[in-house]
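Student: Here is how the chains run, residue by residue.
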Amino acid sequence: MSTDSNTKYVGKAPNRVDGPLKVTGTAKYAAEFDVPDLAYGYVVSSPVAKGRIRKIHADKVLGLPGVLHVFSHENVPGLAWFDRSYKDDVAPGGSPFRPLHDDEIKFNMQPVALVVADTFELARYAASILEVEYEVEKHETDIESKRDEGYEPGRGKTGYMPPQRREDADKGLEQSAHRIRHEYIHGAQHHNPMEMFGATVHYHPDGKLTIYDKTQGVYNCQQYITKIFGLSKDEARVVNLFMGGGFGSGLRPQYELFLSVLAALELKRSVRVTLTRQQMFSFGHRPHTLQTLELGTGPDGALLGLKHYALHETSRFEDYTENVVNWSGMLYKCPNVRLSYGISPLDVYTPLDMRAPGAATGSFALEVAMDEMAYEAGLDPLEFRRRNYAEEDQNKKAPFSSKKLREAYDEGARRFGWDKRPMAPRATREGNLLVGWGVAGGVWDASMQKAAAKATITADGRLTVASAAGENGTGTYTIMAQIAAETLGLPLEAVTVRLGDTTLPEAPLQGGSWTAASVGTAVKNTCEALGEKLLKLAQKMDDSPLKDAKPEDVEFVNGLIRLRKEPQQSVVLRDVLQVSGEREIEVDSSAMPNPVNMQKYSMHSHNVVFAEVKVDEELGTVHVTRVVNVVAAGRILNQKTARSQVLGSVVWGISMALMEETVMDHRYGRYMNHNYAEYHVPTNADVRGIEVYFVEEEDPHVNPLGVKGIGEVGLLGVAAAITNAVYHATGKRVRSLPIYLDKLL
Amino acid sequence: MSIVSTSSAADDQLRPPVPPGSVTLRINGQEHTLRLAPWTSLLDALREYVGLTGTKKGCDHGQCGACTVLVDGKRINSCLTLAVLQEGADITTIEGLGTPEHLHPLQQAFIDHDAFQCGYCTPGQICSAQGLINEGKAHTEDEIRELMSGNICRCGAYVGILNAVKEVAEKELKMASCTCYGSHGHSSNS
Ligand code: FES
Ligand code: FES
Chain A
1 MSTDSNTKYV
11 GKAPNRVDGP
21 LKVTGTAKYA
31 AEFDVPDLAY
41 GYVVSSPVAK
51 GRIRKIHADK
61 VLGLPGVLHV
71 FSHENVPGLA
81 WFDRSYKDDV
91 APGGSPFRPL
101 HDDEIKFNMQ
111 PVALVVADTF
121 ELARYAASIL
131 EVEYEVEKHE
141 TDIESKRDEG
151 YEPGRGKTGY
161 MPPQRREDAD
171 KGLEQSAHRI
181 RHEYIHGAQH
191 HNPMEMFGAT
201 VHYHPDGKLT
211 IYDKTQGVYN
221 CQQYITKIFG
231 LSKDEARVVN
241 LFMGGGFGSG
251 LRPQYELFLS
261 VLAALELKRS
271 VRVTLTRQQM
281 FSFGHRPHTL
291 QTLELGTGPD
301 GALLGLKHYA
311 LHETSRFEDY
321 TENVVNWSGM
331 LYKCPNVRLS
341 YGISPLDVYT
351 PLDMRAPGAA
361 TGSFALEVAM
371 DEMAYEAGLD
381 PLEFRRRNYA
391 EEDQNKKAPF
401 SSKKLREAYD
411 EGARRFGWDK
421 RPMAPRATRE
431 GNLLVGWGVA
441 GGVWDASMQK
451 AAAKATITAD
461 GRLTVASAAG
471 ENGTGTYTIM
481 AQIAAETLGL
491 PLEAVTVRLG
501 DTTLPEAPLQ
511 GGSWTAASVG
521 TAVKNTCEAL
531 GEKLLKLAQK
541 MDDSPLKDAK
551 PEDVEFVNGL
561 IRLRKEPQQS
571 VVLRDVLQVS
581 GEREIEVDSS
591 AMPNPVNMQK
601 YSMHSHNVVF
611 AEVKVDEELG
621 TVHVTRVVNV
631 VAAGRILNQK
641 TARSQVLGSV
651 VWGISMALME
661 ETVMDHRYGR
671 YMNHNYAEYH
681 VPTNADVRGI
691 EVYFVEEEDP
701 HVNPLGVKGI
711 GEVGLLGVAA
721 AITNAVYHAT
731 GKRVRSLPIY
741 LDKLL
Chain B
1 MSIVSTSSAA
11 DDQLRPPVPP
21 GSVTLRINGQ
31 EHTLRLAPWT
41 SLLDALREYV
51 GLTGTKKGCD
61 HGQCGACTVL
71 VDGKRINSCL
81 TLAVLQEGAD
91 ITTIEGLGTP
101 EHLHPLQQAF
111 IDHDAFQCGY
121 CTPGQICSAQ
131 GLINEGKAHT
141 EDEIRELMSG
151 NICRCGAYVG
161 ILNAVKEVAE
171 KELKMASCTC
181 YGSHGHSSNS
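Chains as they are written, first to last, in full-length UniProt numbering: chain A, 1 to 745; chain B, 1 to 190.
These aren't lab readings, by the way, just hints derived from the structure by calculation.
Ideal placement from N, C-alpha and C gives every residue a C-beta, glycine not left out.
Misleading hints may appear alongside valid ones.
[Claimed, not checked] Which stretches of chain A does chain B cover? Using the computed rule of at least three CB atoms under 8 Å from a CB of chain B, they are:
(1) 10-21
(2) 119-129
(3) 132-141
(4) 439-450
(5) 638-648
[As the list claims (entries may be wrong)] Result set (DSSO-like, lysine-lysine): computed pairs, CA atoms no more than 30 Å apart in a straight line:
(6) K640/A x K171/B
(7) K28/A x K171/A
(8) K12/A x K174/B
(9) K640/A x K450/A
(10) K166/B x K12/A
(11) K137/B x K640/A
(12) K28/A x K166/B
(13) K166/B x K640/A
(14) K174/B x K171/A
(15) K450/A x K227/A
(16) K28/A x K174/B
Model the full assembly from the supplied sequences, consistent with the hints where possible.
Tutor: The following block contains the structure:
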């Protein structure tokens, strides 16, 4: 790839290559594939949280002409016996939920039946009148009542790190001149991507399936389905070309996949199953979490002791874990630290990773506590953070591969005008509004996973790169096209990217902010391997000026292969292909993280957020009028799509701070506001000026592209900065989210 | 322990529901005759019967705006109306505004301002923006923000949406107020 200063596409801001498909309605999402002779399934959900199904009176609705079948535990054929067959790639410890497996109800809105009919209208109607009898048992759904029953999970899902301690936190706190201790809470939150979960299963005449599913990982879905139904990979192709938002909700296979495949196999017919918005609240969510933070500093404001405990819900059947407290041991320098963590089972569905899982939760508590501590110690909150800057990762006892958080502080403070901030709360008024400014930030993993890709160039000079990665709004098609075009010196328009299909080389789940690093590196390696092949062919041409060149001696620029040292010595790429007589040339390659570097360095992205709020004290309403979010996440591949991800993160942060919460009615163990009218997320009118800046880091250690991922880090600190700004405006410290207006009255 | 039973159906509910009937809809200038149950929403008619899946379903309850289409130039939530009620009306969906090869100015502006991520709310946002311009509104940023707030974007692309709509609205409203007013093709519905 060309050097940094000299790139044509990488690091620039080209428009999304899939933009024209998305803005014209041409992009196809899972429930939109046109397949012949389609039947429709509609899911019936349990109205009780715990108990047993006594009887499903299916005979009545089966009498309606056009109703094909009512699937339930009463008639589901013998499937895989072991529940490990239902384990997907990111299943936490425990025993996964098996849809329609038996008569037991484990959570409210559990799917209990699938009604299949010739039309959607009929399936929905029949489902609405299906009579189901339940035996109701007593449920527990309130984490507040389980405060003392949290246990530390023995093992967690992939990526879970048990909490740590270093030196003596109690002693550090005892020696402190200033101390605080508070509890911080947020309720459950549901991902609610715009597109609801759905699957279209195409049943081919030979009995093979093409499964269009809403998922963040086609390979994960394929292994899940093939194990459960005893199919070969060749019999179950899983496709997802576009995903209407994921945010983590599609990391694990959801039950529309199981149900639609079951129905298609049994009825030997193509089937579509889509969930309703209400049913989007019937699976994983960010868990309701209670956290206690204790901080102490010396007279100079240097942290001496830190304790952070978090407790959150899990289901009765799986031990869901996330890294909530670990970040508190590494964001600031502190000699004495105790981090601890517990989970407690309730009669709910297993929680599920939701954008910046754990860190969004943990950084909210830590960063509000840091604000409280700064006031206690009489220091400006940003200055307090600077004094406790972590030069190395104390959790891992390793240097950061790169960290420009200090530069991000400088940039953000300058852009926001932080130096004009009066320290005292309630110091600024605008008419009847109180104005407040707050700051907060966060840290997130820069990860990489194994990924593979394939590149094919045809005689007309068109390049296709392919990998089973996904596109859920992050811009995967675009950045892969940029990397490929850059590596082989082709115009962006000459590159086609194919994604989201199990017939393509394997890619990791679309999550953890690792797609750019993992799949991007695989695409780069593959294009470089293709470049070497092309060079060999070029050397076979008569009088080739590249005869003795090694791969490192040449570069691919503007459709040419040329000598780096003598750029006038070149051959036209298209001529190489034509003369070679090959119709197309294809190579496969892959990428893996570098284990030595991973051992040696701590690899993380950071951010800092400055927020302004205006609070109407009489009404308790809060408006976020300005946000500056500065992100240090290595190199930025596409300024436009990266900025959009951070803008979206700020909207998520506003939502987390002021609006978003799934409220449980504990009498029924049922979420009350399970629709888009009562589960509040920001609309256009809620969003004012947001500014996004990147402090780019040159990081040769993190991965060959030098990228750290951008999908999650931007959310960190947003809710805390807003909460801190509300304190600065009003003098009221709110420690439970969302900040509804009654908390300010 | 208690026993509960859901929706014990009344006998008349178990009779076959009203059979499908014939409906003719004019969509993007083309007539489509469909056989569908009379309680089929316009949204489902478009997506499941005509194959125009550009119109999206985000809630099916009039809460999100993903299903916005233009009926006689006015923006409506197509999940909140029945297909049979729209016989004789002029229905415009996202597919009728432009194609990948011939983008509508709003579609181009959405791309230029990166006014979307996943793209799932986008057709609804664009139809809504066209409806807003047809209403002769969208004069100020606050007006656009407020009057585009029936369309949720969970990806949070609001900054881009505002800028894209503003860019096109400024041009269109300028044209509407010049001498060519009335010949520009947009009916004023306010
Ligand atoms: S689908 Fe019609 S408003 Fe949401
Ligand atoms: S672009 Fe994803 S919901 Fe708006």
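Student: None of the hints should be skipped; say for each whether it holds.
Tutor: Against the structure, the hints come out as follows:
| no. | hint | in the structure |
| --- | --- | --- |
| 1 | 10-21 | holds (count 6) |
| 2 | 119-129 | holds (count 7) |
| 3 | 132-141 | holds (count 6) |
| 4 | 439-450 | violated (count 0) |
| 5 | 638-648 | holds (count 7) |
| 6 | K640/A x K171/B | 24 Å, holds |
| 7 | K28/A x K171/A | 59 Å, violated |
| 8 | K12/A x K174/B | 33 Å, violated |
| 9 | K640/A x K450/A | 26 Å, holds |
| 10 | K166/B x K12/A | 25 Å, holds |
| 11 | K137/B x K640/A | 29 Å, holds |
| 12 | K28/A x K166/B | 28 Å, holds |
| 13 | K166/B x K640/A | 19 Å, holds |
| 14 | K174/B x K171/A | 70 Å, violated |
| 15 | K450/A x K227/A | 22 Å, holds |
| 16 | K28/A x K174/B | 36 Å, violated |
Going down the numbered hints, you'll see the structure goes against 4, 7, 8, 14, 16, while the others check out.
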